[in-house]
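With chain A held as given, fit chain B onto it using these hints.
2 protein chains.
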Amino acid sequence: MAEFIPRFNLLRLGWRALSFSKSSLTLSTQPRRLSSSGTNSFGLLFDIDGVLVRGKTPIPAAKQCFRKLVDGNGKYKVPVVFVTNAGNCVRQIKAEQLSHLLEVEVSPDQVMLSHSPLRVFHQFHNMCVLVSGQGPVLEVAHNLGFQNVITIDMLREVYPLLDVVDHHRRPKDVVPSSKELPPIEAVVLFGEPIRWETNLQLIVDVLLTNGRPGNPLTSMCYPHIPVLACNMDLLWMAEAKNPRFGHGMFLVCLESLYKKITGYDLQYEALIGKPSVITYNYAELLIRQQAESLGWTESVRRLYAIGDNPMADIYGANLYNRYLQSMRHARAQVQAQRGSAGQVATDIQFETVDDAKNSGKVMVGGSYEHRLPESCSSILVCTGVYNRDQQDLPPDHTVTEQRIFHGHRDFRFDPSLTQPSFVVHDVQEAVELVFQQEEWPLE
Amino acid sequence: MAEFIPRFNLLRLGWRALSFSKSSLTLSTQPRRLSSSGTNSFGLLFDIDGVLVRGKTPIPAAKQCFRKLVDGNGKYKVPVVFVTNAGNCVRQIKAEQLSHLLEVEVSPDQVMLSHSPLRVFHQFHNMCVLVSGQGPVLEVAHNLGFQNVITIDMLREVYPLLDVVDHHRRPKDVVPSSKELPPIEAVVLFGEPIRWETNLQLIVDVLLTNGRPGNPLTSMCYPHIPVLACNMDLLWMAEAKNPRFGHGMFLVCLESLYKKITGYDLQYEALIGKPSVITYNYAELLIRQQAESLGWTESVRRLYAIGDNPMADIYGANLYNRYLQSMRHARAQVQAQRGSAGQVATDIQFETVDDAKNSGKVMVGGSYEHRLPESCSSILVCTGVYNRDQQDLPPDHTVTEQRIFHGHRDFRFDPSLTQPSFVVHDVQEAVELVFQQEEWPLE
Chain A
1348 MAEFIPRFNL
1358 LRLGWRALSF
1368 SKSSLTLSTQ
1378 PRRLSSSGTN
1388 SFGLLFDIDG
1398 VLVRGKTPIP
1408 AAKQCFRKLV
1418 DGNGKYKVPV
1428 VFVTNAGNCV
1438 RQIKAEQLSH
1448 LLEVEVSPDQ
1458 VMLSHSPLRV
1468 FHQFHNMCVL
1478 VSGQGPVLEV
1488 AHNLGFQNVI
1498 TIDMLREVYP
1508 LLDVVDHHRR
1518 PKDVVPSSKE
1528 LPPIEAVVLF
1538 GEPIRWETNL
1548 QLIVDVLLTN
1558 GRPGNPLTSM
1568 CYPHIPVLAC
1578 NMDLLWMAEA
1588 KNPRFGHGMF
1598 LVCLESLYKK
1608 ITGYDLQYEA
1618 LIGKPSVITY
1628 NYAELLIRQQ
1638 AESLGWTESV
1648 RRLYAIGDNP
1658 MADIYGANLY
1668 NRYLQSMRHA
1678 RAQVQAQRGS
1688 AGQVATDIQF
1698 ETVDDAKNSG
1708 KVMVGGSYEH
1718 RLPESCSSIL
1728 VCTGVYNRDQ
1738 QDLPPDHTVT
1748 EQRIFHGHRD
1758 FRFDPSLTQP
1768 SFVVHDVQEA
1778 VELVFQQEEW
1788 PLE
Chain B
1348 MAEFIPRFNL
1358 LRLGWRALSF
1368 SKSSLTLSTQ
1378 PRRLSSSGTN
1388 SFGLLFDIDG
1398 VLVRGKTPIP
1408 AAKQCFRKLV
1418 DGNGKYKVPV
1428 VFVTNAGNCV
1438 RQIKAEQLSH
1448 LLEVEVSPDQ
1458 VMLSHSPLRV
1468 FHQFHNMCVL
1478 VSGQGPVLEV
1488 AHNLGFQNVI
1498 TIDMLREVYP
1508 LLDVVDHHRR
1518 PKDVVPSSKE
1528 LPPIEAVVLF
1538 GEPIRWETNL
1548 QLIVDVLLTN
1558 GRPGNPLTSM
1568 CYPHIPVLAC
1578 NMDLLWMAEA
1588 KNPRFGHGMF
1598 LVCLESLYKK
1608 ITGYDLQYEA
1618 LIGKPSVITY
1628 NYAELLIRQQ
1638 AESLGWTESV
1648 RRLYAIGDNP
1658 MADIYGANLY
1668 NRYLQSMRHA
1678 RAQVQAQRGS
1688 AGQVATDIQF
1698 ETVDDAKNSG
1708 KVMVGGSYEH
1718 RLPESCSSIL
1728 VCTGVYNRDQ
1738 QDLPPDHTVT
1748 EQRIFHGHRD
1758 FRFDPSLTQP
1768 SFVVHDVQEA
1778 VELVFQQEEW
1788 PLE
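Chains as they are written, first to last, in the working numbering: chain A, 1348 to 1790; chain B, 1348 to 1790.
For the record, the hints were derived by calculation from the structure and aren't laboratory data.
Incorrect hints may have been included.
[To be verified] Here are the computed distance ranges between Cβ atoms for each label pair:
1) B/Asp1513 with A/Asp1456: 26 to 36 Å
2) B/Asp1513 with A/His1514: 14 to 24 Å
3) A/Leu1485 with B/Pro1407: 40 to 50 Å
4) A/His1447 with B/Arg1759: 51 to 61 Å
5) B/Glu1452 with A/Asp1612: 43 to 53 Å
6) A/Lys1410 with B/Pro1518: 15 to 25 Å
Beta carbons: idealized from backbone N, C-alpha and C, even for Gly.
Pulled out of the complex, with its shape left as it was, chain A reads as follows (with noise of 0.2 Å):
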């Protein structure tokens, strides 16, 4: 028989031992001080789905704030990004979706894709990669700085005889085809694919084969290929009344078949999208510009992040800010070793498996040089993943909720970066929050 356990329901299964302190369910009265300078130097970063649309459904609370974010000349007041973590498309279309839905002009520029931070794996951009997703993967791909590049279509046109799950896409005639690919150097994720047994069975022959799919097995090869993926998140709310399947799905189906055939874990070279501290590093970069573009000569010192999914995006704006925190205190030692002001580079050690490849420093380049936020507070909204009437945990699930983690494999999960700064019911009432925090009327 079925055993019904009331209350505990599946919106919730993503975060465990969420329940949140009094004072982070309501709204702070008491604002935030000024910076020592007495300018308000911040900025804003917004996810999309769940906190101003819901599959094309857009919500009203967002449309009205955006409104009272730009001046009479539809000029930003602050520096505002947008990060989202879907990635099967261009920033020029999401761009253009966002001026519609919000009636105000978003650019380009603004907007940040889960795979938009590949632009600085210089590393990978002369190699001969694959890409896995769907829409304009190629269009995306060269975009981003790659310059040798395939598709799925491409491999299974040349080696028709590995896609043959669906009996209907089978070759009539088996001729061995003329067409040569060079050898994959590495292999590139940035989104969901459609038909995922095609592209589950052309990555795993990929990987297994160092690259040449075409050839028989001879020797296992571990490690393998470079595997970078963008956007791992789960779950993401859409119309339906349930949350539906992320590429992040796709990603525990890729591991799971690896696994199960060769024993080894597949490994990651990067996990990009949030909640990973590279996509902060590279939104931080993005607001910097748009702050100066605002013509600000003061550096941005604190960052909002906004979103519904406690997992992505409350999760990464903690992990983000507790690599601030670890920055400044780096600093602090060698100045204080040293004995001088200047700002140089410093080796962070991070809690989390995180670390390494997937924190900033494999986009780091200069970017130690210059000043990095003092902080960056989440604020989560309950108009997507997050349903706060549900997610009062009872407090005999403990031993269920430890079975369940609905973030990557490979992060180590940290039940405290569930906790967001702030809790609001939509993304107007976090605007007013913002700007009530940092003193700064916003009509």
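Below, chain B without anything else, positioned relative to chain A:
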């Protein structure tokens, strides 16, 4: 840097510790003794893929040996049943394909697909079942006796908001469906579907919502509604140089996603198809019917199962052989206790997880009453998944081998069951071996 492990071939990853003893690698020169009655009473079970064909390409030895298996009138000399784990078709079509391929008449009654044993799962036939697979799934379900069948496409039509991975298949306008579907009471997985993302999403939706995928999740229901799965084959050999994904890979995905979302293990009501004992029990029933139609008055004493896959064909035949020995032992004990020669039903203890519901018991009914075969020998051919030249595992890879198990999650792995009774080159050698064992001149 990648580590190359020479001579460690993926083709053999499916079965660890598979070091055949010398005696099993050579044909026995000691023919089997005739049965007590002096008659030859045996039957043959043939796997199809990797034994008779590879993809659509016939294996030459197949036609030659089947010519010898029939008399001048095309009548089979011994009962022959084709036992395949394929499932996305109907028996009639498979029989026609085989007749054409082997140039002997093959009747649908000689063909057993992975789902064929579902005929005797009467307790599910009146339930409302969701079926998953490709091809004529509705026809297959009706042929098997299911009265109340819902397909994945029917679910998509009634609940258009559920399947949104493919951007192009998302509903343009969201209009609430006027149709209603009855609650789904069980899920039947016939074989690998196409568009795995769609089937994975909808099947998980059905399991999470207790069969009502249009409803919001309000409680966690576990155990979920029954799931019956046919064909656990992880990999199979087609024309490509390396093994291709089978339905077992789809099951790995489904199990992994369900576990990731809920923290609980997906449970199977039954796992059907080789190497399940259910399948061999059903094959034995067909062999018995063949023997009767050949006019044999003696019951069939010995079965020979010919296959290319150690984890499916060999493991299954050996597991069934162990079942037959257990049955004999139990019967002998009861006879000794009663001092009578009557045949009675007896509880059998199995060592594998594949017991109780996955053993013969679910389909037994009155089947304990007939005389079971004495043994089932396993014959491995080298024309498919298994390749003799590449199977010699170097002794230093013991650790690696233990990481890998290509059988299903729910089958406790017993390495001794992957040891075939005989290894031969191809199906012709296999048939010649059997007739030699049975002291029956084949020509």
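- request: State, for the Cβ atoms of B/Asp1513 and A/Asp1456, whether the hinted interval 26 to 36 Å holds or is violated.
  value: 30 Å Cβ-Cβ, so the 26 to 36 Å window holds.
query: Is it true that A/Leu1485 and B/Pro1407 lie within 40 to 50 Å of each other by Cβ?
result: 43 Å, holds
message: Is 51 to 61 Å respected by the C-beta to C-beta distance linking A/His1447 and B/Arg1759?
response: 58 Å, holds
query: Within 14 to 24 Å or not, the Cβ separation of B/Asp1513 and A/His1514?
result: 20 Å, holds
- request: May I ask you to test the hint 43 to 53 Å on the CB atoms belonging to B/Glu1452 and A/Asp1612?
  value: 51 Å, holds
field: A/Lys1410 paired with B/Pro1518, Cβ distance criterion 15 to 25 Å
entry: 23 Å, holds
Comparing the model with each numbered hint stated earlier shows that all of them hold.
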